[in-house]
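Protein sequences, first through last, are from chains A and B.
If you use my numbering, the first sequence corresponds to residues 1 to 279, in order.
If you use my numbering, the second sequence corresponds to residues 1 to 279, in order.
Treat the hints with caution; some may be incorrect.
Which copy is meant is left open, so a pair is good if it fits within one copy or across any two.
[As the list claims (entries may be wrong)] Result set (DSS-like, lysine-lysine): computed pairs, CA atoms no more than 27 Å apart in a straight line: (1) K235 - K116; (2) K116 - K163; (3) K256 - K116; (4) K116 - K91; (5) K235 - K91.
The hints are simulated quantities; they were obtained by calculation from the structure and are not laboratory data.
There are 2 protein chains.
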Amino acid sequence: MRDFSGDTALLSLNTATVQAQWTLEQCIDGCARHGVGGIAPWRDKLAECGAARAAAMIRDAGLRVSGLCRGGMFPAATSAGRQAALDDNRKAIDDAATIGAECLILVVGGLPEGSKDIAGARMQVRDGIDALLDHSRAAGVPVAIEPLHPMYAADRACVNTLKQANDLCDALGGGVGVAVDVYHVWWDPDLEAEIARAGTAGRILGFHVCDWLVPTTDLLLDRGMMGDGAIDIPKIRGWVEAAGYSGTSEVEIFSKDNWWRRDADDVLTTCIERHQSAV
Amino acid sequence: MRDFSGDTALLSLNTATVQAQWTLEQCIDGCARHGVGGIAPWRDKLAECGAARAAAMIRDAGLRVSGLCRGGMFPAATSAGRQAALDDNRKAIDDAATIGAECLILVVGGLPEGSKDIAGARMQVRDGIDALLDHSRAAGVPVAIEPLHPMYAADRACVNTLKQANDLCDALGGGVGVAVDVYHVWWDPDLEAEIARAGTAGRILGFHVCDWLVPTTDLLLDRGMMGDGAIDIPKIRGWVEAAGYSGTSEVEIFSKDNWWRRDADDVLTTCIERHQSAV
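Next comes chain A alone, as it looks inside the complex (with noise of 0.2 Å):
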């Protein structure tokens, strides 16, 4: 397992991380700063300022990024609806491209309104992952599946466990990986199997970290502090690298009582910090 004791150049910052506080230009210089190796812009941060502006500022930063965040988000109750999905994840794989992201973070969507057809929600996934493979392959983007918690299973992504993401990259072929966020998968009783499955296919495309607070007082933004909560992070690193995984700790954290009303320099001191006693 690689030391992160001393590390900054393997810690990437979600921007989420700092939503509430930070443009992304701020994030750029923040990351630069403090030493940190690599970004994950969310889109609305990009839009701020459009990526390819947004290029040249981490390209000048000298920042990798570990992903964009995000696409997905398929199901849809009409074909208009799937139809303007598809087109939204085409500008996103674009966007990914310009901006030189490793990957792009697919939130893959819960069920249309109205509807309780979860075997049908996840069949559109992966019909609407399908479709955007011409493109993102084209575009030398690689997209990742990331299973969100079961508790988002019904508003935002109906793929919940990573045995799932796997099973859809099996399917899928090339150019389709998955994502591993220890806050969703943490719980899982199969997940260091499918960790090493995911690995020996070579699709592991990105790491993320957090950790689950006790209690825990929202279902999206309360998210916690490596370290602070019940997760065995070290664990988890421990499988993903030893599946070959070799990328950053991309650092992801919805707070919106704790961590983002907080000093963003502070918040990336304690990400620091954490990123190389908690990880």
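Once you have looked at the hints, place chain B on chain A.
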């Protein structure tokens, strides 16, 4: 699949559904008044009047007892803590026998305070149930492992899929089954197969219903009334009945800001309507 359209006999009221409004005695009276066939008390309600008096009231009302909630909470940081949990579980078995409960529901427990060792907690759960079985078998009370939603893995139950529960049953032998609560398992891609597996083994001891609201505003106390959420409950009931289950449909709704604030007779009337139309 059984026709519930005019049924009340196969509806069971879990006392959690009206826990803010009614005592156990009022729950029993309410079930009798509305023609509801079953009841599933929580132990705090049972403690209000004692198991012997509760047993007499339930018998007089002609109700079946679909389960007693709950035993479990096995993992602990110390051997004294594990022993205390076992002692409490034996008491729960005795109470379940006294009131004629068809099973004791096990919410198995999460991580011991400060622990991040979920694999270790899962071993403690297996050992804890194993240690309980002499007592529960002698009392003639089957124990039902209820897999809880993964969002409770840290603090309530580290058994989070029906597959895990089935695996535990296979390892532990007779006198152990499962409870299928749609709220906890609806998202699981392996659900149909694992229900069939549980049915083949004759171990489905309970079927619990409520609904997953979109959005869900609280991890614990924002469950929905059947039909108000994202779960295809009739589909899951069809799987459970195809697997041989012939027991009650138990309504268990924790709803701090909605159903717990309403008149309990109105709640029960709605439970009946939805039992007949949305389950």
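We went through each hint and held it up to the structure:
Taking the shortest alpha-carbon separations for K235 and K116, only the inter-copy value of 10 Å comes in at or below 27 Å, while the best intra-copy value is 36 Å. Proximity of K116 to K163 under the C-alpha cut-off of 27 Å is found in both arrangements, the shortest distances being 22 Å within a copy and 23 Å between copies. In this assembly of identical chains, the alpha carbons of K256 and K116 lie at most 27 Å apart only when taken from different copies (24 Å versus 30 Å within one copy). Taking the shortest alpha-carbon separations for K116 and K91, neither the intra-copy value of 29 Å nor the inter-copy value of 41 Å comes in at or below 27 Å.
For the identical chains of this complex, K235 and K91 are neighbours neither inside a copy (36 Å) nor across copies (38 Å), given an alpha-carbon limit of 27 Å.
The structure is inconsistent with the numbered hints 4, 5, although it conforms to all the rest.
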